[in-house]
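Colleague: Residues per chain are reported as follows:
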Amino acid sequence: MMEAATALSTPRPSIAREFWRQQFPLIAAAFALGLVAAYAQHGFLPGGDRAFPVAEVRVPVWHLVWMGVWTGYTMAVVGEAAGIFALPYSMSILQFVNPHVTPSTQLLTFLNPIGALLGFRRSGQWNLKFAAAVCVGGAVGGLAGPFLRSSLLAAKDMFHLAVGIALAIAGVHLCYAAYARTRRAPAAAPAPSIRDAYRERVSIAARIAGSRVIVSFRDQQWNLSMITMFVVGATVGMFASALGVGGGFLLVPIFASLYRLPMYVLVAATIPFVIVLSAVGLFTYNFILPAFGSPAIAPEWSWGFFAAAGGIFGSWAASKTQMYVPEHFLKLMLGGVTGIVGTLYVVNFFYPLPFRV
Amino acid sequence: MNLWWKVIPYMPFIVLFIAVLVAVYHVKFYW
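Quick note, the sequences are listed as chains A and B, same order.
Residue numbering for the first sequence follows our numbering, beginning at 1 and increasing consecutively.
Residue numbering for the second sequence follows our numbering, beginning at 1001 and increasing consecutively.
Check before you lean on any hint, since a few could be wrong.
Covered, in the sense of this in silico footprint (three residues per stretch, anywhere, with C-beta under 8 Å from a C-beta of chain B), are these stretches of chain A [to be verified]:
id: 1; stretch: 56-63
id: 2; stretch: 91-104
id: 3; stretch: 238-246
id: 4; stretch: 314-327
A partial selection of chain B residues facing chain A, derived with a Cβ cut-off under 8 Å [said to hold, decoys possible]:
id: 5; residue: V1007
id: 6; residue: I1008
id: 7; residue: P1012
id: 8; residue: V1015
id: 9; residue: L1016
id: 10; residue: A1023
id: 11; residue: Y1030
Rather than coming from a laboratory, the hints here were simulated on the basis of the structure.
These numbers were taken from a predicted model, which means no experiment stands behind them.
No residue lacks a Cβ here, since even glycine has one placed at the ideal position from N, Cα and C.
Model the full structure from these sequences, guided by the hints.
Modeller: As C-alpha cells, then:
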C-alpha cells in the first residue's frame, strides 16, 4: 500500500520526455500519413462536410482521432486492443457499414500496438522464439480471413452477426476476468513479479526443443507446444482478419486457459501476433484477393491513420496509468457493455430490432 | 500535480463518459 501511495505522489519526470521523444513522432507520423492518404486516395480531405468516399459517411477528422484515443485507452487499460471496440463504434455510431470497414479497422489494429511493442521490447517483455509459432499461424490466418470476409461474411447482416458473436465472447471474457480478480483489493499493489515487469527491465527467455518451446520468466517456466500455438494462431487469425480486429480477445483467454500464462509474459507473443496478423490481412485485402479473382477490399486509408494517431496516444497513456485504475470494475463495466452490444447484434440478426444497431 | 494523480484512477470512466457524449453529438448532427 505504502509503495502504491508513494508511486501516486511521485510522478516520474521522464514521462513527458518519453512522450515527446518516442510517442509524439509516431502520433505525428500517423496523422501526417492520414493527410497524405486522403489527398492521394481522393484528392481532398474528407471530414464532417464532405463524406469519406470509401466509407460513404461524414465524420469530422477530430472524431476519428478521438475514437482512436478512447478505444485505445480504455481497452489497453484492461489488456485488450482497440479494434474490438473501434469496429462496432465505426459500424453503429459512425455508420461505416460497407465491407471496407474491415481493412480500415485492420489498419488501426496494425499501427496501434507498435508503440506498445516498442515499450515492451524496452522493458524486456520480448522474445521472438516464443512469439514465432503463433505469429506464423497469424500470418496464415491473415491470408485466409479476407477470403472468408469476401464470401461467407460479405452480406451486411452476416457480418453483423459475426461481430456480435465476437463481441459477446469479448464481453464474457472481460466479465470473467473481472470476476476472477474480485478477491484482489483494487488499491493493492500487484504481485512483485508483475510490478517488476512494469517498472524494471526484465527478461523472457525461450529455447526450442523439438516441437516445443520452453519459456522462462524469473523462477517460472512453461512448456508450450509450437504446433498448438500455430493452430491457435491460424484459427484466431482467420476469424480476426475476417472481422478486422486484432484477435487478442480470443488469443488471450485461450493462451491464459491452455497454458496459465500470465499477462506480462503473454504480451511478448500477443502483441507481435496482432501486428503480423494485421499486416498480412491488409496485404491480402489489397493484393491477394484480386490475384484470386475476388475484388480487392481497399481500406479507407486516411480513416485508419487518423484513428491510429489517437490510438497510439491512448494505448501509451493506458500503459502509464494502468496500475492506478480499478481494473476489475472497469473490466466488468466494459465487459457488460461489450456483451450487451454483441447480444443486440445477434438478436437483430434473428429478430430485427426497432432501432438501428 | 497531486490533483492530476488523484484523477487518474477515475480517468477511464471520465473518458468513457466523454465518449458517450461525443457519440450522442454525432448521432444528433450527422445521422
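Colleague: Against each hint, give a clear statement of whether it holds in the structure.
Modeller: For each hint, the structure was consulted:
A count of 4 residues in the stretch 56-63 of chain A with a Cβ less than 8 Å from any Cβ of chain B is obtained; the coverage claim is therefore met, three being the minimum. Only when three residues or more bring their CB closer than 8 Å to a CB of chain B does the claim for the stretch 91-104 of chain A stand; here the count is 3, and the claim holds. Interface restraint, the stretch 238-246 of chain A with chain B: violated (0 residues with C-beta to C-beta distance below 8 Å; minimum three). For the stretch 314-327 of chain A, the stated coverage by chain B holds: 4 residues have a C-beta nearer than 8 Å to a C-beta of that chain, and at least 3 were required.
The restraint placing V1007 of chain B at the interface with chain A is violated, with a minimum CB-CB distance near 10 Å, outside the 8 Å limit. For I1008 of chain B, the interface hint holds, since its Cβ comes within 8 Å of a Cβ in chain A; the closest pair sits about 5 Å apart. The beta carbon of P1012 of chain B comes within 5 Å of a beta carbon in chain A, closer than 8 Å, and the hint placing it at the interface holds. The interface hint given for V1015 of chain B holds, since its Cβ lies 5 Å from the closest Cβ of chain A, which is under the 8 Å cut-off.
Annotation: interface hint on L1016 of chain B holds; nearest CB of chain A at approximately 6 Å, less than 8 Å. With a cut of 8 Å, the hint placing A1023 of chain B at the interface with chain A holds, because the nearest CB-to-CB distance is about 5 Å. With 8 Å as the threshold, the beta carbon of Y1030 of chain B comes within range of chain A, its nearest partner Cβ sitting at about 6 Å, so the hint holds.
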